[in-house]
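K.L.:
Sequence:
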Amino acid sequence: MNESPKPKPLFFIVLGMVVLALLGYAFRGVLFPSGTTATGPKPTASDVRPAAPSAVTPSTPSAPPVSGDGNGESVEAADSNAPTTVKEYTYVARETLPPVKEKSDYQPLVNRTVKFALNVWAGWAPIILQNNGSDAGAKWKTPGGEEFQVELVLIDDPVAMRDAYAAGQVHIGWATLDMLP
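Per our numbering, the very first residue in the sequence shown carries number 1; after that it's consecutive.
Read the hints as simulated data drawn from the structure, not as lab findings.
Incorrect hints may have been included.
Claimed, not checked - No more than 25 Å apart at the CA atoms, straight line, and that leaves these computed lysine to aspartate or glutamate pairs for DMTMM-like:
no., residue 1, residue 2
1, Lys-115, Asp-163
2, Lys-101, Asp-157
3, Lys-115, Glu-76
4, Lys-101, Asp-163
5, Lys-139, Glu-151
6, Lys-103, Glu-146
7, Lys-115, Glu-151
8, Lys-103, Asp-156
9, Lys-115, Asp-156
10, Lys-115, Asp-105
11, Lys-101, Glu-3
12, Lys-115, Asp-157
13, Lys-115, Glu-147
14, Lys-141, Glu-151
15, Lys-115, Asp-135
16, Lys-115, Glu-146
17, Lys-103, Glu-147
18, Lys-87, Asp-105
19, Lys-103, Asp-157
20, Lys-101, Asp-156
What the hints assert, rightly or not - Taking CB as the label site, the calculated pair distances span:
no., residue 1, residue 2, range
21, Thr-84, Lys-141, 35 to 43 Å
22, Thr-176, Pro-99, 18 to 26 Å
23, Glu-76, Ala-160, 49 to 57 Å
24, Val-100, Lys-141, 32 to 40 Å
Using N, Cα and C, we set each Cβ at its ideal position, and we do this for glycine too.
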């Protein structure tokens, strides 16, 4: 007899609420009109005029300046001295990893301890916490029920991590993509 697990009624209630919320969001303009119409001409820069100098008092802010001669270009002038724009750059050729220096020399597990190489990244905090630090402290289990330990090794250089893996000094090397050239 096929007794596969089936969703509970609460699942269908939550699913229905999500679908109704998405439909409400999709038709929000029809269901809840804002009262403004999108008809009529759009204002241009010529519609924005600075206040007359006699009408401006210290308590009244002035209108934004109109760029150019007010022929409808834009309200603000382009700033050619933007501090975030770099005008000069130097070409850097493609970088490649140097060849592996060490020969392959796998070192078997000692006391069923896996050496796991990591880079510096805050995202590794849960692994470090669950392992009780970087030393082989916590006991882990394989799907077969066998126990093993994990020693976390900090290697923040991708070439050094690759060479350590090739030399058999670490069993796993894991890094974030910003490390790679």
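K.L.:
Which numbered hints does this structure break?
P.N.:
Numbers 3, 6, 11, 17, 18, 21 - these are the hints that the structure violates, sorted from lowest upward.
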